[in-house]
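Peer 1: Each chain, letter by letter, is given below.
Number of protein chains: 4
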Amino acid sequence: MEPINISDYEILAQTLMEPAAWDFYAGGSDDEVTLRANCTAFERIRLRPRVLVDVNVCDLRTTVLGTPVNMPILVAPTGYHGLAHPEAECATARAAGEVGSLMVASTVSNCSMEEIAAAASGPLWFQLYTYGGYQVSAELVRRAQAAGYRAVVVTVDLPRLGHREKNIRNKFALPPHLQEGNFTANTDLSEKSSLLTWDVLPWLRSITTLPILLKGILTAEDAKLAAEHGVEGIVVSNHGGRQLDTALASIEALPEVIEAVAGRCEVYMDGGIRRGTDVLKALALGAHAVLVGRPILWGLAANGAAGVRHVLEILRDELELAMVLCGRPTIASIDRWLVSLRT
Amino acid sequence: MEPINISDYEILAQTLMEPAAWDFYAGGSDDEVTLRANCTAFERIRLRPRVLVDVNVCDLRTTVLGTPVNMPILVAPTGYHGLAHPEAECATARAAGEVGSLMVASTVSNCSMEEIAAAASGPLWFQLYTYGGYQVSAELVRRAQAAGYRAVVVTVDLPRLGHREKNIRNKFALPPHLQEGNFTANTDLSEKSSLLTWDVLPWLRSITTLPILLKGILTAEDAKLAAEHGVEGIVVSNHGGRQLDTALASIEALPEVIEAVAGRCEVYMDGGIRRGTDVLKALALGAHAVLVGRPILWGLAANGAAGVRHVLEILRDELELAMVLCGRPTIASIDRWLVSLRT
Amino acid sequence: MEPINISDYEILAQTLMEPAAWDFYAGGSDDEVTLRANCTAFERIRLRPRVLVDVNVCDLRTTVLGTPVNMPILVAPTGYHGLAHPEAECATARAAGEVGSLMVASTVSNCSMEEIAAAASGPLWFQLYTYGGYQVSAELVRRAQAAGYRAVVVTVDLPRLGHREKNIRNKFALPPHLQEGNFTANTDLSEKSSLLTWDVLPWLRSITTLPILLKGILTAEDAKLAAEHGVEGIVVSNHGGRQLDTALASIEALPEVIEAVAGRCEVYMDGGIRRGTDVLKALALGAHAVLVGRPILWGLAANGAAGVRHVLEILRDELELAMVLCGRPTIASIDRWLVSLRT
Amino acid sequence: MEPINISDYEILAQTLMEPAAWDFYAGGSDDEVTLRANCTAFERIRLRPRVLVDVNVCDLRTTVLGTPVNMPILVAPTGYHGLAHPEAECATARAAGEVGSLMVASTVSNCSMEEIAAAASGPLWFQLYTYGGYQVSAELVRRAQAAGYRAVVVTVDLPRLGHREKNIRNKFALPPHLQEGNFTANTDLSEKSSLLTWDVLPWLRSITTLPILLKGILTAEDAKLAAEHGVEGIVVSNHGGRQLDTALASIEALPEVIEAVAGRCEVYMDGGIRRGTDVLKALALGAHAVLVGRPILWGLAANGAAGVRHVLEILRDELELAMVLCGRPTIASIDRWLVSLRT
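Residue numbers (numbering that gives the first Met the number 0), protein chains in the order written: chain S, 0 to 342; chain E, 0 to 342; chain F, 0 to 342; chain G, 0 to 342.
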């Protein structure tokens, strides 16, 4: 099969991957209600295209925290790319840069953040899990800044690991041929007192000059607090349906976050993006850009860096076509009137 | 099988046609969400029939831009009727006239517009694609006026071709035995700078005296602009779900268009009409008449001109029965109170 | 199988009947959207039971146009009971009376109305189709009054026969061993100018002293007109989904009719009653009593008069239990607060 | 299969139990609409998690009518545990106490209430059916108080037994090897005049000093009356979908009860709890604690007391994780803003 859309890549990847590794990528928590809702919520949103607008030139470029990117589609942090391909995160980083996207590298990667930075051909952000405690976390941030990462994305929705039943039934563990890229066997990772309170922000400011984003916010209340704490960005996310099941779908939570933030910082979202029209709907509802998780892994599993590049190209081309067909030839022209939530 | 409804003709046509040609007719863009929504949206609308009205005489006649027709059911422009039947658009045109309907002939036809006009037994409108550029488009309009077409229906929702995955997978191309009816091998059709801005209207006025309709409007905003630009008509349409996927269903978009136009021009709709009750619902929501696309092709594939005629007769008879059972024996008596959008 | 609910009788009847006769009873018009909606609309209505009410005595008795009945569940007019059982409408009438219900005998029956009246052990109303014209209709009404029928129920939703596709495909006709009970071969029944306008009411008043009900009203507008014309009763009905497809479900239409009538006449409903809780919901929404159609025919097909009796007993017992469990031990205690339309 | 969630226990239990006994536990009344709605209504409620709250310590402890429990998850009264396991209610009581829950023992048990009390390792309430009449009921309450039960939970939604079709078709009766734990062969249990009116409350007060809860309230009206009558608690319940079919789902009824009670007594709920997130939603909508019925029986059937304990541990652990992931580390911190009813 010649893959022509993201769903094709999903099928390809499932065919190629080890079942337990596939389950690790694919699964959500509990009954996977939120996992499914992330996608189906997009289908209920209808587009209201405008016509007779000059769309001969369509420009997808934007900036993310000041960094220019070719499209408002970023690579979400996801764990252990080595399960999909031997080149792991290095392949992903290379592909992301080649199409002018930005990759958010995860704390839990099979390549080290320095290897990823060396392989990367474009800008990088670093996703931080703080469960290692102050010392481990500080070291991660220090290394990220040293390696040229441009922002720290703190995941705030994992004070504990979600209940992912597929992994439990599979007794899933990282296969022996793969290692933790960012930790050595000596790193003390035993789950301990979580750093995840609002105090994490002044502490982070005290150890880094990088801009800080909070990933995993789903409510207006927390979005308001985040803005008041002066974060540079928010990622509306439910961790791909892998943490709290029956949480709001990301796209459902986006509008209240946008309203609460009122422009005080950039708001991103991830969860359920499978089509260019999904990206367009998220932008219309106020997202600055979207992050894509599982589709990247599918591309990686199917064809390494070339697969990742193709997945991003597909989404980019679909977004461009959708913008043209909606009479919104620039990112700036995408407005709230483009979507109808009635249906 | 003796076909007794439109669905029967769909099954017959699928049985008889080449699979790739069938897919070309049947398919929509991307995930075909809008393709399906066009039909299912009708089912959610409930009819509120009135009783004890004198319906001994039921009259379906109306006029469309001043041209009398026997029923408010027109033949929508659809491409390449030669895929369904050797007589192609000439058969369709003959059938449409025989039952007192009107055909909108497409730019992309296997018969030339002059052949269609010669075969036609009733009134014709010409559907214009402007992607050939000014010169090609002007020539098309000039020929249409010369051949007796009574209006130009400009398709405005195709600044680029939609992403029709069935065609991509089939690598669909017009079979060798079929040709473009309106173009020669010398016509320069390479997709170029689109003419599709509001400037297309003054330009069209400058080259033709025919009335102009815009086909592919789905929002109040564009409907208002169209009325202000003085068009004679609007066709509410999402191109049969073949352009922007997850766009509003046509019947969902109709009410806001009707309200925005406020009677300044005639408003038509296409998309999802499979029953006489669907026609009735569209009229109740303000459509002047409806256009029917795929069902015409199914009739043509099943039985040539006779099949097209039968399809139109079925819809006409169903509409008449529905009008009788609703206590609306004339087109003028069909009002907004006939439908309930609650359910 | 020992049938314990209405659904059991449906299965039994389908097993026992000729397929084309089954289809005649079971089918609706067009796509049978309204046929299905009649039932599914009940499931969306939730009951709000009250507790700690004295329900040691539960009384289902009521009166219908002054006639006492043991339960608010009447036998709806349905055609040609001979398709279900050799004793036809005579068996139905006997059963209805035995349980203290009332039967509405149809114009189109296999027994004559006089035979039905002779067999009946309880009160009868006569359902009138006026399509035979003034003379034929007047003769039917005269005979009904002479035979002791207590009211005329004029069906107003059949100015023409609905499009029942199962019958068309089966080329259904009454089998040779069955005859029209109320017409001779000489009766001129060719469909002619319908009498179905509001003028039918003064004409009926001029030929009979019986109370008059209109069956087939689905809107507040017509309910208001009916009340203004002084009818004794209204039956909210869509003819069991056999006339106008995608018309409102009966139970959906009931509230607006009740509000429009404002107590000026009795309002009944039929369509979709399969459980005692359905009866209770209709009463809570304002129905004076309900009429049951197909379930009666299923009982008749399964076991003749005994089957009809059992069907009525099942519904009665289910209604009684539902009233007890809802804390409404009398018909008068059933109020609008019993139902929630939210879900 | 190593069971890891409640659904696993359901499958295990069905595999192990006699079909008719399984049906007795599993079945609801009529079409089981309410049985299903109890569960599906939870899925429509979305959680709105808060982040960056200190959740290092999560405390599930609460009190129920002053009795401390380790979690707001109690054992609902359900009948005849002997169908699941030879140790019957004694095993259930032991397990409930071991995890710091509270068991509501049913009137209809295979162990006597004294045996249960002797086996119990934690607090007990007694569920009272009053259908035996004053004398039998008074004796039950007297024995309960003497045996150390701390409250009487009067079931008010069973003035008559619901129509449970599975039991009827199975002609279900208690197998010969099981007996009524609380009645002797001489107890006169013939269904007689129900005591279920509001007069039951002063009568109960006159014979016991135990706190009284009413179980089976679904409306604001009755909740208000209950509060005015001074009950100590209400259990919002539809008897697990076993009494009035198409009654409101318990979780749907909860908000109006909470509002009507306005804090005058404690409000519990049962019906449809299968996940820790379900418990959390009920608490967010105002429940003081929830009662769990069928899952307890599944654990009992699968593995006796250990199975019951594991079921309660699963729900407790899921609730704890959900509280952590929602930023509500104590019962008191769970508020109405945690849930969204929009979707």
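Heads up, some of the hints might be wrong.
Repeated chains share a single entry, so a pair holds when one copy, or any two copies, can fit it.
As the list claims (entries may be wrong) - Here are the simulated EDC-like pairs of lysine to aspartate or glutamate, each with C-alpha atoms no more than 16 Å apart in a straight line: (1) Lys170 / Glu1; (2) Lys170 / Asp58; (3) Lys223 / Glu255; (4) Lys223 / Glu113; (5) Lys170 / Glu31; (6) Lys165 / Asp22; (7) Lys165 / Glu1; (8) Lys165 / Asp7; (9) Lys165 / Asp30.
None of these hints come from the bench; they were simulated from the model.
Since we're looking at a predicted model, the values are computed, not measured.
Peer 1: Against this structure, judge whether each hint is valid.
Peer 2: Hints versus structure:
Taking the shortest Cα distances, lysine 170 and glutamate 1 sit within 16 Å of each other only across copies (12 Å), while inside one copy they are farther apart (34 Å). Proximity of lysine 170 and aspartate 58 under a CA criterion of 16 Å is satisfied in neither setting, with 47 Å inside one chain copy and 28 Å between copies. When the C-alpha separation of lysine 223 and glutamate 255 is checked against a cutoff of 16 Å, the pair qualifies only within one copy, where the shortest distance is 10 Å, while the shortest distance between copies is 30 Å. In this assembly of identical chains, the alpha carbons of lysine 223 and glutamate 113 never lie at most 16 Å apart, being 34 Å within a copy and 56 Å across copies at closest.
Proximity of lysine 170 and glutamate 31 under a CA criterion of 16 Å is satisfied in neither setting, with 18 Å inside one chain copy and 37 Å between copies. Proximity of lysine 165 to aspartate 22 under the C-alpha cut-off of 16 Å is restricted to the intra-copy arrangement: shortest distance 6 Å within a copy versus 30 Å between copies. Taking identical chains as interchangeable, the C-alpha atoms of lysine 165 and glutamate 1 lie at most 16 Å apart only when they sit on different chains, with a minimum of 13 Å there against 29 Å within one chain. For the identical chains of this complex, lysine 165 and aspartate 7 are inter-copy neighbours only, at 13 Å across copies versus 23 Å inside a copy, given an alpha-carbon limit of 16 Å.
Taking CA atoms no more than 16 Å apart as the test, lysine 165 paired with aspartate 30 passes inside one copy only; the shortest distance there is 10 Å, against 28 Å between copies.
The earlier numbered hints that this structure contradicts are 2, 4, 5.
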